[in-house]
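**Student:** So the chains spell out like this:
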Amino acid sequence: MEAASKTASFRSPLKQERKRFGDDFFKYFTMGIASLVLVIIVLVVYQLVTSSSLSIAKFGLGFITSSTWDPVAETFGALPMIWGTVISSMLGLVIALPLSLGVAIFLAELAPLFMKSWMITTFSFLVELLAAIPSIVYGLWGMFVLAPWLQTTIQPWLIAHFGAIFLFKGLPYGIGMMPAAIILSIMMIPIITSISRDVINMVPYTLKEGALALGATRWEAIMMVLGTARSGVLGAVILGMGRALGETMAVTLVIGNTPQISTSIMQPATTMASVLANEFTEATSDLYISSLIEVGLILFIITIVVNVAARLLVWQASKNLVTQSR
Amino acid sequence: MKKLAILALIALSCTGAMAQQLNAAGATFPYVIYSKWFDQYKQKTGVAINYQSIGSGGGIKQVTEGTVDFGASDGPMNDTMMKVFHDKQGTEIVHIPTVMGAVVLTYNVPGVNQSIKLAPDIIPDIYLGVITKWNDPRLAAINPGVNLPDMPIIVVHRSDGSGTTYIFTDYFCKVSGFWKDKVGKGNSVNWPTGIGAKGNEGVAGQVKQLSGSIGYVELAYAIQNNLYYADVKNKSGNYVKASLESVTADAADMAKDIPNDLRASITDGPGANDYPICSMTWLLVPKEIKDATKAKQLVGFLEWVYSDGEQYAAGLNYAPLPAAVVKLCKEKIAMITSNGKSVMKMR
Chain A
371 MEAASKTASF RSPLKQERKR FGDDFFKYFT MGIASLVLVI IVLVVYQLVT
421 SSSLSIAKFG LGFITSSTWD PVAETFGALP MIWGTVISSM LGLVIALPLS
471 LGVAIFLAEL APLFMKSWMI TTFSFLVELL AAIPSIVYGL WGMFVLAPWL
521 QTTIQPWLIA HFGAIFLFKG LPYGIGMMPA AIILSIMMIP IITSISRDVI
571 NMVPYTLKEG ALALGATRWE AIMMVLGTAR SGVLGAVILG MGRALGETMA
621 VTLVIGNTPQ ISTSIMQPAT TMASVLANEF TEATSDLYIS SLIEVGLILF
671 IITIVVNVAA RLLVWQASKN LVTQSR
Chain B
17 MKKLAILALI ALSCTGAMAQ QLNAAGATFP YVIYSKWFDQ YKQKTGVAIN
67 YQSIGSGGGI KQVTEGTVDF GASDGPMNDT MMKVFHDKQG TEIVHIPTVM
117 GAVVLTYNVP GVNQSIKLAP DIIPDIYLGV ITKWNDPRLA AINPGVNLPD
167 MPIIVVHRSD GSGTTYIFTD YFCKVSGFWK DKVGKGNSVN WPTGIGAKGN
217 EGVAGQVKQL SGSIGYVELA YAIQNNLYYA DVKNKSGNYV KASLESVTAD
267 AADMAKDIPN DLRASITDGP GANDYPICSM TWLLVPKEIK DATKAKQLVG
317 FLEWVYSDGE QYAAGLNYAP LPAAVVKLCK EKIAMITSNG KSVMKMR
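Just so you know, the protein sequences line up as chains A and B, in that order. Residue numbers for the first sequence, in the working numbering: 371 to 696. Residue numbers for the second sequence, in the working numbering: 17 to 363.
Since the hints were derived computationally from the structure, they do not count as laboratory data. Mixed in with the good hints, there may be bad ones.
Taking beta-carbon pairs under 8 Å as the criterion, some of the chain B residues facing chain A (in silico) [stated by the list, open to error]:
| no. | residue |
| --- | --- |
| 1 | Ile-147 |
| 2 | Pro-165 |
| 3 | Asp-166 |
Here are the computed lysine-lysine pairs in the BS3-like style, where the Cα-Cα straight-line distance is at most 25 Å [what the hints assert, rightly or not]:
| no. | chain 1 | residue 1 | chain 2 | residue 2 |
| --- | --- | --- | --- | --- |
| 4 | B | Lys-52 | A | Lys-539 |
| 5 | B | Lys-257 | B | Lys-58 |
| 6 | B | Lys-99 | B | Lys-251 |
| 7 | B | Lys-346 | B | Lys-310 |
| 8 | B | Lys-198 | A | Lys-428 |
| 9 | B | Lys-149 | B | Lys-257 |
| 10 | B | Lys-99 | B | Lys-149 |
| 11 | B | Lys-346 | A | Lys-539 |
| 12 | B | Lys-149 | B | Lys-52 |
| 13 | A | Lys-428 | B | Lys-149 |
| 14 | B | Lys-52 | B | Lys-343 |
Ideal Cβ positions, reconstructed from N, Cα and C, are used throughout, including at glycine.
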């Protein structure tokens, strides 16, 4: 009977072999919708590549290595944008990582010891609420609250005491790489925290019990748990970075929009997403538009690669942890 | 059933004729006054005009593609763009100026609560990064009695492409040969120094937040935000405060040199009371409009603008066109044809 049902269709003459027409239709219908998603991605890539063909032909690889963005002379180079995007995301990560890991460890390991479960749930809900705030609200807060505060308090102090170090050279603009990195870190915290917490919770309890029974301190046990969950946490981190790479409005309002490469976090910079948001509507010449679309293509590729890597890591980590617990 | 169907058809055809509206798109700078005009004109005649303020670049692009009936732009179309329009639409594009605006320099200097003076040799040098401190001797020389502090000048410019930038850099090209060679003019340029902010609101907001900064905005935004803005020395040597009168005076003095197609740059006017950094904003209208009804409605609107519309300009902080230029605009409207016949004569 089972062998027969594999080849059976709703047209089969044998009544016991006939599947319902609805089953087949449902299968192909949902398959079609699922493949629609793939088709959309392929179409997006196709459109990006064809629309940027003009600037790819003119600038070639020089587009990624040149730092000049001159719309009047029609010379475009995206290196400052790529630099700004990657550096602002990585700086945001440097700030967000210890904070998120701290919150995740607290929620997963320490809080259950002395907090009621409804308090833990509320707390984690509030952390995830950070992800619900629209990014333009973050941008406005950054421009009107964070940047002036940095300009009057933190930045003058840093310049006065550490101004000689290359990291802090420059004037206290307020806006620039520093507030952009801070805002991106706030936006990354909920993502990294929630995924890390889930991965830490998936570490089999027996491992931690064993460590504690053998005389490990609480800190050592937690470090061991974190070590086991490390690939999942890494995946969470990369996912968070994936969000930061594509962040547009929050960054555009505070980063200063200057196509320059600088090692100082006091200086203004630019990112790929913000140059698109700023210049796309007024770009009139074909080469200008094509260069902007090429920037979009580069951003698309970077974001896809980062997100795919992150997903693979998280998937791999959860697979390992599940097999370990058997 | 049959009755209902006939009634429905009649109703549909009626609404079809009355709901005809004109579509337009373009510059954000004149959006406020255009909205007022479209609203007033609709109350008067029932003709609805739908305007999308997507930016001057968008306006030029859409009118070239033919998706809108007319466009609006702060910067005139250059010869290449006009040729592309001619190739795509088979007719010429007509530039008709409507109102004028000025670009003013606002600043935020602690301790300075008055208007400072700036001159055409100093402003480009600030934006080139040559003059870097507020108490630079050249600034102090033209501002006696003003307590300029020893602070670095933080230059703010537009990060997005804009007609405001076009006007500002056009003025720079006229007064500074070095700027003309090194940077040029355009909606978006490669700024030698400074930070970029998005929109007039962004620059105004940034200047308000950062002490020691200087930025350029439209006159209307400076007035609305209560910002201090500088008096600029004009070609005849007088320091003029930007106002609707000084802007109109500048246009009137430059009017005699306006070329036939009205694509004039009116910056750096020669008169005694001219404010030098001004510009007109244009409507981009195809010369030949095939749809006669649309053509009549459009020309009707344009005639109304120069007879009744200009009175609203001053109240909204736009400078109205001087009489000499209005005369030229009316001549341009007379040129618009539909199927070869002058539309003005049809009305």
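**Student:** Would you mind marking each hint as holding or not holding in the structure?
**Tutor:** A quick look at each hint next to the structure:
| no. | hint | in the structure |
| --- | --- | --- |
| 1 | Ile-147 | violated, 15 Å |
| 2 | Pro-165 | violated, 14 Å |
| 3 | Asp-166 | violated, 13 Å |
| 4 | B:Lys-52 <-> A:Lys-539 | violated, 49 Å |
| 5 | B:Lys-257 <-> B:Lys-58 | violated, 36 Å |
| 6 | B:Lys-99 <-> B:Lys-251 | violated, 34 Å |
| 7 | B:Lys-346 <-> B:Lys-310 | holds, 19 Å |
| 8 | B:Lys-198 <-> A:Lys-428 | holds, 22 Å |
| 9 | B:Lys-149 <-> B:Lys-257 | holds, 23 Å |
| 10 | B:Lys-99 <-> B:Lys-149 | violated, 46 Å |
| 11 | B:Lys-346 <-> A:Lys-539 | violated, 58 Å |
| 12 | B:Lys-149 <-> B:Lys-52 | violated, 43 Å |
| 13 | A:Lys-428 <-> B:Lys-149 | violated, 41 Å |
| 14 | B:Lys-52 <-> B:Lys-343 | holds, 23 Å |
Checked against the numbered hints listed earlier, the structure breaks hints 1, 2, 3, 4, 5, 6, 10, 11, 12, 13; every other hint is satisfied.
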